[in-house]
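A.B. asks: The primary structure of each chain is shown beneath.
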Amino acid sequence: MNQEAGPTALRSSPVAVRGRIGQLRDRASGRHSPVRRLDWTLQLCVIALSGIGALLVWSATRQRLDEAHGDPQTFLKRHLLNLVIGLLLGAVATVVDYRVIRAYAPFVYLGSLVGLVAVLVLGSTINGAHSWIVLPAGFQLQPSEFAKVALVVGAAMILGEKHEDRHTGIQHSAPGHADVLLVLGLTIVPIGLIMLQPDFGTVMVLVFTVLGMLAVSGAPRRWVLGLVLCGVLFGTAILQFHLLAPYQEARLTSFVSENKAASGTGYNVNQAMIAIANGGIFGRGLLHGQQTQGQFVPEQQTDFVFSVAGEELGYLGAAGIVVLLGVVLWRALSIGFGSQDSFGALIATGVVCWFTFQSFVNIGMCLGIMPVTGLPLPFLSYGGSSMFANMTAVGLLQNVRLRSRSDPYAL
Amino acid sequence: MNDRMRIRVTLLRVVVLSLLVTLGARLWVLQILDGDHYRQVAETNRVREVVTPATRGMILDDHGQPLVRNRTSLVISVNRSATDRQTDHGKAVLTRLAGVIGTPADDLLKRIRFCTAQVKPPCWNGSPYQPVPVAKDVSAQQALAVIEHPDRFPGVSADLQAVREYPHGALAAHELGYLAPVTQDQLDKQGDEKGYHLNSLIGVAGLESTYDDELRGADGVQRLEVDRFGRVAGTASTTAPASGDHLVLNLDLGVQQAAEQALQDTINSLGGGARTGSAVVLNARTGGVVAMASLPSYDPSVFVGGVSDADYRALSDPANGIPLLSRVYQGSGAAGSTFKPVSTAVAMANLGAGGDQRFPCSQTLQIGDQVFHNFDGESAGPITLHQALVISCDVIFDQFAYDSWLGDGGLRNGRGPYAPPKEYFVRMAEALGFGRSTGIDLPGEAKGSVVDRADAKAIWEELKDSYCRRAKNGYPEEKDPAKAERFRKYAAEACVDGYLYNAGAATQFAIGQGQYLSVSPLQLANAYAAIANGGTLYRPTLAKAAISPEGKVVQTFQPTKVAALPVSPQILAYIRDSLRGVTSEPGGTATGVFADWPSATIPIAGKTGTAEVEGKGDTSWFASFAPANDPQYVVVVSIPDSGTGAEYAAPVAKRIYQAIYGVGQPAAQPGGRPPAALPKINRDGTIAAATTSAPFQSAGPGGTSSAVTALPTARSTPPNSAGALVPALVTAPTKAAGTETTSTSPAPPALTSRSAPVSTPTSLSVPSRAPPASPPPSAPSRSPP
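Protein chains in written order, with my numbering: chain A, 1 to 411; chain B, 1 to 785.
Hints were generated in silico from the structure; no laboratory data involved. Possibly wrong hints are sitting among the right ones.
[Stated by the list, open to error] Pairwise CB distance ranges (calculated):
| # | chain 1 | residue 1 | chain 2 | residue 2 | range |
| --- | --- | --- | --- | --- | --- |
| 1 | B | Q186 | A | G192 | 49 to 59 Å |
| 2 | A | M195 | B | R313 | 37 to 47 Å |
| 3 | A | A237 | B | T22 | 25 to 35 Å |
[To be verified] Non-contacting residues of chain B with respect to chain A, defined by C-beta distances greater than 12 Å in every case (computed):
| # | residue |
| --- | --- |
| 4 | V15 |
| 5 | Q141 |
| 6 | L315 |
| 7 | D369 |
| 8 | G409 |
| 9 | R412 |
| 10 | I459 |
| 11 | K489 |
| 12 | Y490 |
| 13 | Q558 |
| 14 | E614 |
[To be verified] Cβ-to-Cβ under 8 Å is the rule here; a few derived chain B residues that face chain A:
| # | residue |
| --- | --- |
| 15 | R4 |
| 16 | M5 |
| 17 | L411 |
| 18 | N413 |
| 19 | R415 |
| 20 | A677 |
| 21 | L678 |
| 22 | K680 |
Note that the Cβ used here is the ideal one computed from N, Cα and C, for glycine as well.
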């Protein structure tokens, strides 16, 4: 719940950054300046979502902080600070050259693995998962968030790069078996490490992201179908042989079972659903939701932040958030569509799969149609690591956009 | 990026879009379509009801003497929403409390557990917000020990609660009934309609059940807005409790006491085993129930605060005679000769017998292979129906029934076709109310049975399979081989021709015997009332009126006529005259019993009965009314497994009459009339006696002086102070964050209430003795900062 430190994993050459910034400034006034060529619809929607998120987080935490004699605006301020830091990270991700990203991708990937190992050694357990590294001064780091970025970049590099270069720039072939195996190998390591935490939700995000990228990259169909089948079998086996911790199994099954009103996991969902339904069409007004202000919904500023929107902003506000997310995802796919190379398209695909999965599971959980997995809602949920990772991903999208084929000034 | 990839990206777009549309649709369903349901849930989520039970109305006899009233009890309660927040979940507090009230701490822990499917009593099945009562009727010292040390007993409270009190113990227990906590099922189905709350006590037996709506009143409800941690943020609404109405009965305390005492004495004299007996007194002119006694009985106070398992088992144990069961209206059996007036009515109204006509009262009557004897095996020669009733000749009535059976075609197992059977005896029994519930204002009435030809066939259709199985397999569980063989033979016959209307049973019907007739003492009394009052069948009624706590008559329960007898007044007069002869004429079966009775002033008409019961001694019956020339009261007594009607039942009836009219004692019904006016209940809850009607010149010693005067009822609860009796209790959490400084001990305002008339020492003036530093302990809530 405390301020998280910025990512250490993603870094580019300071020289290159300074150079690009200089170029951008020079061209900022031009008709085809890169600043203008940024996808501002996407960027504004992301900022709007984060801003709404700040208000919702504020509403969800204000009462509690006040009772504890804290500053009621603490979380509001921190969420906004996270947003600013995130935007900066995104700007870096936007201006760094493709080639730099590709060159550093292995390091980014390895860095994320180091983080995941570190969390197992140094980490603290919050809500049953050993996912946080507690830093001095109340800062916390969640390395699994950065693993998402790293995996998207890494997988896009392997799936997008190779079959482009092989025959003198002619892009004709989809990734082969070796590429798929390599990607799977790259995926399995962080998944294994995250499983040890255990953070089942993030594992699922990675699985669906890589699966989506494989499918879009044109990997052999039998691989895609085979992986889906494996996933189904694995999932069944997990439930059948009770491989999960009891609390995890309870979370997954409580959404299927009827007894949602029961205490424990079902309680959270039930309270969230009550809060959302309590909003009606127009909502109870920000800071006026009885469920929210009465602190009936646990983890409301993180996993269940959508229930604040549902209760206080009503259907108009909650559906508005879904629409904004839709615009973000739509623009992201448009960027992928317009990308000049497979790498850019796969980056966009990976980010979209990641955001879509997290958004659908998170909101679906609040609405009682998905199991409780503890995934944050992109941009809205409170959490520094998550915000930084999301903003970096958005920065990568803008990067792809700037270098798309339709751009005469593509770098 | 190639075109195939573009297609795949487009597909991804479709997937993303459809997922988002799914979310939007689900959101629509949740917020708009199902919104109302969830908003209601949100309401209950957020609002906690604290219930202040209404003071239940008293139940008073016809003169206004309380049969059930309320007393206040000092109750120590533990509020789990407070103790659960303590670091040790209240263990230390409970251990200290155990020392104060002298109960092992383990017992206390068990009592405050929440009941679940696994956790059986002792446990708490109420709301977690309602304090759990752990000790009742504690002393003032014990209560003060808790109240004065909120620091030592956080989450523990002592307050006054109204509980039911039965000043006469087991008296009329079956009629009064008892209370029990509302069940979840009742709460779900009728909670809103009837205003039940979790842990409401509702009447589940007797009058408490029938008139629950009148007696219960309306609970006070304080609706508190709370947050997730149960911390009170404010009061949404408050309704004060409204006390229930008092119920005035037709039942008379004096008559009831006499009836129970007389029965008890007789049963004691019989000795041995679990004996039962019952007596009922009706007002012949209205159907009002003046007394209703059934033994064995029980003290309903065992149900106060929840009956223990062992107690309940004992009360339903056949070895104890099933004390919970009222023999008056919840059991039935053969009526014996007390049924003969009904047969007399058939003979005269349907079969053309004249009052002066003589019929042979021979020694025996041969029907098929069965031989029916007169009870005493004597022949009395040709006699009138009047004499037949007086000396209780069986054979004359047997003959009428047999002839009637023959007239209906006998067994009707020939070719036919047969005319519809007339079944005079069965029809007359039904006209007098046998075989169906009388409609008395008590739950669980037994209907008895009157079986006609169609019924017999229907019953046989239902049972023939089991008869035939028994015919084949016998009764191996029956220890007596002779008995088992008799049963098997009966089953074998029933298997073959059980559908045939049995001549023997049809014949015995006329003398109140056989498998086609079974009556409850209440039914018999009601039928006698109809004969006595000239032909009107009433609905027996215990309740006379409901009176509001302010003393206003809210409702009177008027006599309800159920039917008019299909018998002419002349025939009824003939029967009444004959029954008078039973107690006064030479040879009358009860003449000996009433030899010393002042028959000149209070003539009694009655009929003895001695019903034979398979495997047991005879049931002694006496059914009667008085005065015979102008009937006011019907008295029916039934004592199973004893002997003849004259020997056991008639003397009990005589003692009841003595009490009613004041023969040799003060009259319970001065003037020989039930009180005409209702008792006056004053605003402060005291009761003035009902005035009696016209003075009555009793010949018996003792006179008619009214034993009833204004009753001191200081212990009963003044209705207007009901709200103060049970204070609202929501304990603020002990470890609440923030500005919470209020002490958690919710000392009840009731203890400080000057209006609460508790017979506890005056030292209970808590505020003056409490340390001045402690805040007003009644503050149930924290105010929002």
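A.B. asks: State for each hint whether it applies.
C.D. replies: Consistency of the hints with the structure:
Distance hint for B:Q186 and A:G192: a CB-CB separation of about 56 Å, consistent with the stated range 49 to 59 Å. Taken as a hint, the range 37 to 47 Å is violated for the pair A:M195 and B:R313, whose Cβ atoms sit roughly 57 Å apart. For the pair A:A237 and B:T22, the supplied restraint of 25 to 35 Å holds, since their beta-carbon distance comes to about 28 Å. At roughly 8 Å, the least C-beta separation between B:V15 and chain A is not larger than 12 Å, which violates its mark as non-interface.
Residue-level check passed: B:Q141 sits 39 Å from the nearest beta carbon of chain A, beyond 12 Å. The claim that B:L315 is not at the interface with chain A holds, since no C-beta of that chain comes within 12 Å of its own (minimum 37 Å). Listed as a non-interface residue, B:D369 keeps its Cβ farther than 12 Å from every Cβ of chain A; the least gap is roughly 67 Å. Residue-level check passed: B:G409 sits 62 Å from the nearest beta carbon of chain A, beyond 12 Å.
Every C-beta of chain A lies more than 12 Å from that of B:R412, the closest at about 59 Å, which supports listing it as non-interface. Every CB of chain A lies more than 12 Å from the CB of B:I459, the least distance being 45 Å, so the non-interface label holds. The non-interface label for B:K489 is consistent with chain A: the shortest C-beta to C-beta separation is roughly 57 Å, beyond 12 Å. For B:Y490, the non-interface assignment is confirmed: its Cβ lies about 53 Å from the closest Cβ of chain A, beyond the 12 Å cut-off.
Interface exclusion of B:Q558 from chain A stands, the closest Cβ pair being 49 Å apart, more than 12 Å. Even its closest Cβ contact with chain A, about 53 Å, leaves B:E614 beyond 12 Å, as expected for a residue assigned away from the interface. Hint on B:R4 holds. Least Cβ distance to chain A is approximately 6 Å, under the 8 Å limit. The interface hint given for B:M5 holds, since its Cβ lies 6 Å from the closest Cβ of chain A, which is under the 8 Å cut-off.
Given the 8 Å rule on beta carbons, the hint for B:L411 is violated: about 60 Å separates it from the nearest Cβ of chain A. At a threshold of 8 Å, the smallest CB-CB gap from B:N413 to chain A is about 60 Å, leaving the interface hint violated. With 8 Å as the threshold, the beta carbon of B:R415 stays out of range of chain A, its nearest partner Cβ sitting at about 64 Å, so the hint is violated. Proximity of B:A677 to chain A is violated relative to the hint, the smallest CB-CB distance being about 56 Å (cut-off 8 Å).
Interface restraint check: B:L678 against chain A, minimum CB-CB distance 51 Å, threshold 8 Å, status violated. At about 51 Å, the closest approach between the beta carbon of B:K680 and any beta carbon in chain A exceeds 8 Å, and the interface hint on this residue is violated.
In this structure, the hints that do not hold are numbers 2, 4, 17, 18, 19, 20, 21, 22, in rising order.
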